[in-house]
Amino acid sequence: MNDIVVLAIESSCDETSAAVIKNGTEVMSNIVSSQIDIHKKFGGVVPEVASRHHVENITLVLDAAIKEANCNINDITCVAVTKGPGLIGSLLVGINAAKAFAFSHDLPIVGVHHIAGHIYANNLVENLEFPSLALVVSGGHTELVLMEDHNSFNIIGKTRDDAVGEAYDKVARVVNLTYPGGPQIDRLAKSGRETYKLPRVMLNQDNYDFSFSGLKSAVINLVHNANQRNESINIENLAKSFQESVVDILVGKTLKALKNYNVKQLLLAGGVAANSDLRARLQVEMKNYSHIKLIIPPLKYCTDNAAMIGVAGTFAYLNGVRDDLSLNGKASLEL
Amino acid sequence: MKKEIQIKNLQETTILAKKIGKQLFPGAIITLDGDLGAGKTTFTQGLAKALNITKVVNSPTFTIIKEYDGDLSLYHMDAYRIEDELEDIGIDEYFFGDGVCVIEWASKIISQIPQERLHININVESVTGRLFEIIPYGEKYEHICEELFYV
Numbered sequence: 001m002n003d004i005v006v007l008a009i010e011s012s013c014d015e016t017s018a019a020v021i022k023n024g025t026e027v028m029s030n031i032v033s034s035q036i037d038i039h040k041k042f043g044g045v046v047p048e049v050a051s052r053h054h055v056e057n058i059t060l061v062l063d064a065a066i067k068e069a070n071c072n073i074n075d076i077t078c079v080a081v082t083k084g085p086g087l088i089g090s091l092l093v094g095i096n097a098a099k100a101f102a103f104s105h106d107l108p109i110v111g112v113h114h115i116a117g118h119i120y121a122n123n124l125v126e127n128l129e130f131p132s133l134a135l136v137v138s139g140g141h142t143e144l145v146l147m148e149d150h151n152s153f154n155i156i157g158k159t160r161d162d163a164v165g166e167a168y169d170k171v172a173r174v175v176n177l178t179y180p181g182g183p184q185i186d187r188l189a190k191s192g193r194e195t196y197k198l199p200r201v202m203l204n205q206d207n208y209d210f211s212f213s214g215l216k217s218a219v220i221n222l223v224h225n226a227n228q229r230n231e232s233i234n235i236e237n238l239a240k241s242f243q244e245s246v247v248d249i250l251v252g253k254t255l256k257a258l259k260n261y262n263v264k265q266l267l268l269a270g271g272v273a274a275n276s277d278l279r280a281r282l283q284v285e286m287k288n289y290s291h292i293k294l295i296i297p298p299l300k301y302c303t304d305n306a307a308m309i310g311v312a313g314t315f316a317y318l319n320g321v322r323d324d325l326s327l328n329g330k331a332s333l334e335l
Numbered sequence: 001m002k003k004e005i006q007i008k009n010l011q012e013t014t015i016l017a018k019k020i021g022k023q024l025f026p027g028a029i030i031t032l033d034g035d036l037g038a039g040k041t042t043f044t045q046g047l048a049k050a051l052n053i054t055k056v057v058n059s060p061t062f063t064i065i066k067e068y069d070g071d072l073s074l075y076h077m078d079a080y081r082i083e084d085e086l087e088d089i090g091i092d093e094y095f096f097g098d099g100v101c102v103i104e105w106a107s108k109i110i111s112q113i114p115q116e117r118l119h120i121n122i123n124v125e126s127v128t129g130r131l132f133e134i135i136p137y138g139e140k141y142e143h144i145c146e147e148l149f150y151v
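Chain order of the listed sequences is A and B.
For the first sequence, the numbering used here assigns the number 1 to the initial residue and increments by one for each residue that follows.
For the second sequence, the numbering used here assigns the number 1 to the initial residue and increments by one for each residue that follows.
No wet-lab data here; the hints were simulated from the structure.
Where is the CB? At the ideal position from N, CA and C, for every residue including glycine.
Treat the hints with caution; some may be incorrect.
[Unchecked claim] Just the calculated beta-carbon pair ranges, DEER-fashion: (1) B:S107 with A:K287: 33 to 43 Å; (2) A:Q283 with B:T54: 51 to 61 Å; (3) B:K55 with A:R187: 33 to 43 Å.
[Said to hold, decoys possible] Once the Cα atoms are required to be at most 20 Å apart in a straight line, the calculated DMTMM-like pairs of lysine to aspartate or glutamate come out as: (4) B:K55 with A:E129; (5) B:K2 with B:D98; (6) B:K108 with B:E133; (7) B:K55 with A:D149; (8) A:K158 with B:E67.
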């Protein structure tokens, strides 16, 4: 069987990224704009490599991805690209680059859902087996997704207000930590104790939905009240208290789903998968579910990247998904 | 004319949002400002109910723009993460269309937003109490504000 080599492009949010993936398991290259010093590497005509500057970045990351993969362009099977959800202007940069490449090399195009990409990052660790359950946790998403087969996604729970990564960033801002707040709160929590009482919103409700807005407001009120009374806040303890609440909710809802769905794998996906307490708690809890394999992708494949789009694109291609030059981006796209 | 409305809790926020939502028209623009946790997304969820949007309306902070279909389309936007006031996020494509634009943290990109709109400041007064300052710019929005006196 011939190798399936996918050139993948992701530009739905802040990162511009390109990757080359072989057979849905091997990363030949994965270039993310924020991770390379484009000035240094390319001698820079780029004025500034800031977020969402996809137009300036796209040809540079594409070029770098193909060079680093050291593959012959004739070996490429298809081009996969994120078609949504995301800012339409950002999506279109990636989509048009994909179309131009596909047109000039006469290759098929496969449009990929951004969240499908996050979930498929797990296939870089171990082949997906079905049914499987994915906990998708990032700045923009908090979802429990049941997969019965490749390319089959059933969202059984989602956030009703803020995404978990967003709650982290906003709480971090309230206590004057710099962006991004998630890693900082995680670091502070390591030397803190759970001394502040914070809510576990919706944890005991009989569904798989999440809510983090109330938790965010509880922290804001707590800090505000302390300020008014001239009391100081122990930031490490607040970080730990917040994180415990978040982990209780995420893990609690996930375990509830595992009790009701007979799955073979639990997949962690999205940037919040980096959270140390979330990983640790899941690893401990999953010892009680020895028949379910817990998979956590390496961090570089959890944050936004094109490798994950290439993996999802490979399986979409194998399932017969084909798009053409009429492919359009969609700001709000259903999984 | 500017109108101030005192809100005691979350439910009253939703009721006010529904009252405003019922009066919206194609191309309507609402700008929202207020601190973290003031209730901008809660207010937008109330508007969505009035537009008969059935999908979950959750925070657009990270994706910046989310679109929903209802009696009128709702374009829910959030400028929280935007650092450069002039950054081109394609927002103007949504104005003057058939849908309703709601923009959270609007003051961060105010120069990109048309003058005629309904502006709402949400001031946090207590744990659940809020003061809504509703400021109409333009005749159509004056009308919405006047109607609020009679409901």
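Hint-by-hint comparison with the structure:
1. Range check, S107 (chain B) to K287 (chain A): about 50 Å between beta-carbon atoms, so the 33 to 43 Å window is missed.
2. Separated by about 38 Å at the C-beta atoms, Q283 (chain A) and T54 (chain B) break the suggested range of 51 to 61 Å.
3. Checking the proposed 33 to 43 Å range against K55 (chain B) and R187 (chain A) shows it holds: the Cβ atoms sit about 36 Å from each other.
4. Pair hint K55 (chain B) plus E129 (chain A) does not hold up; C-alpha atoms about 30 Å apart against a cutoff of 20 Å.
5. For the hint pairing K2 (chain B) with D98 (chain B), the CA-to-CA distance comes to about 26 Å; that exceeds 20 Å, so the pair is violated.
6. For the hint pairing K108 (chain B) with E133 (chain B), the CA-to-CA distance comes to about 18 Å; that is within 20 Å, so the pair holds.
7. For the hint pairing K55 (chain B) with D149 (chain A), the CA-to-CA distance comes to about 25 Å; that exceeds 20 Å, so the pair is violated.
8. About 17 Å separates the Cα atoms of K158 (chain A) and E67 (chain B), which keeps this hinted pair within 20 Å; it holds.
Hints 1, 2, 4, 5 and 7 from the list above are not met by this structure, while the remaining hints are.
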